[in-house]
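Asker: Note that full-length UniProt numbering numbers the sequence shown so that position 10 is 10, with each residue one more than the last.
FYI, nobody ran anything at the bench for these hints, they're computed from the structure. Fair warning: there could be bad hints in the mix.
Stated by the list, open to error - Using 25 angstroms as the maximum straight-line C-alpha spacing, the simulated SDA-like pairs for lysine to any residue come out as follows:
| id | residue 1 | residue 2 |
| --- | --- | --- |
| 1 | K154 | T130 |
| 2 | K154 | L55 |
| 3 | K154 | S92 |
| 4 | K154 | P52 |
What the hints assert, rightly or not - The calculated label-pair distances, taken between Cβ atoms and stated as ranges, are:
| id | residue 1 | residue 2 | range |
| --- | --- | --- | --- |
| 5 | L83 | S50 | 16 to 26 angstroms |
| 6 | I156 | R39 | 35 to 45 angstroms |
| 7 | R153 | R39 | 36 to 46 angstroms |
| 8 | R161 | V79 | 16 to 26 angstroms |
| 9 | D136 | R161 | 39 to 49 angstroms |
| 10 | E89 | D136 | 15 to 25 angstroms |
| 11 | R99 | R153 | 20 to 30 angstroms |
| 12 | P69 | S123 | 15 to 25 angstroms |
| 13 | T130 | V79 | 13 to 23 angstroms |
In this text the structure is predicted, and so the values were computed from the model without any measurement. Even for Gly, the Cβ is constructed at its ideal location relative to N, Cα and C.
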Amino acid sequence: METRRSAARRPARRARPGRAAGAARGRAGRAGAAAKAARPEALFRELVESSPELLLAADARGCILHANPAVQAALGVPVEALLGRPYMEIFSLPAAGLRQAGARIAWGGSWRGEAIALRGDGSPLPVALTLNARRDGPGERGMLISARSIAGRKHIEEALRVHRDLGLILGTTHDLREAFERLLDTALLMPGIDCGGIYLVDRPSGALRL
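With the hints as extra help, turn the sequences into a complete structure.
Answerer: This is the structure:
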């Protein structure tokens, strides 16, 4: 009986402070590691969403899985309307470029070249296009697509071509009237000139001459 009473009076064993503190530090460490691991992913997502370049991800069939806001801003099409569509409906490549891109992506490579992006209103937007193969896991393949507008560069190239043609006209034509007419015809092809024709006005008579 005395032994039982002694056992009953014995206080319960308390957890050692050091062991409890260690467990708390372990939990805090795991939480900190998880937060640290999630930080690069959040930064990468922010980088993609704020990039001025058109960035898209596609599955193995080339169907769009994700597009950043720059795609919607450039094409005038909501991102939701692009999801599930083949990238070839958005970016038009030359036949040779399309074959080459398909072969390189199939082997896990990449392709770079020029293409035409089709805006929502049907107007073309020249772009520099890059296609990169991606692999999410065993047997899971896809594609990363990036594009940037080269409309400004194309505008300058066209203006230089027109100016070069004007110089050739002046150098090969001896008849002044013929040269002037050809100059006017060529000027109509210059970017930024939106009109049906250029006319000359004879001020004394008020007559119009082409």
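Asker: Under the constraints set out in the numbered hints, which ones does this structure not fulfil?
Answerer: 8
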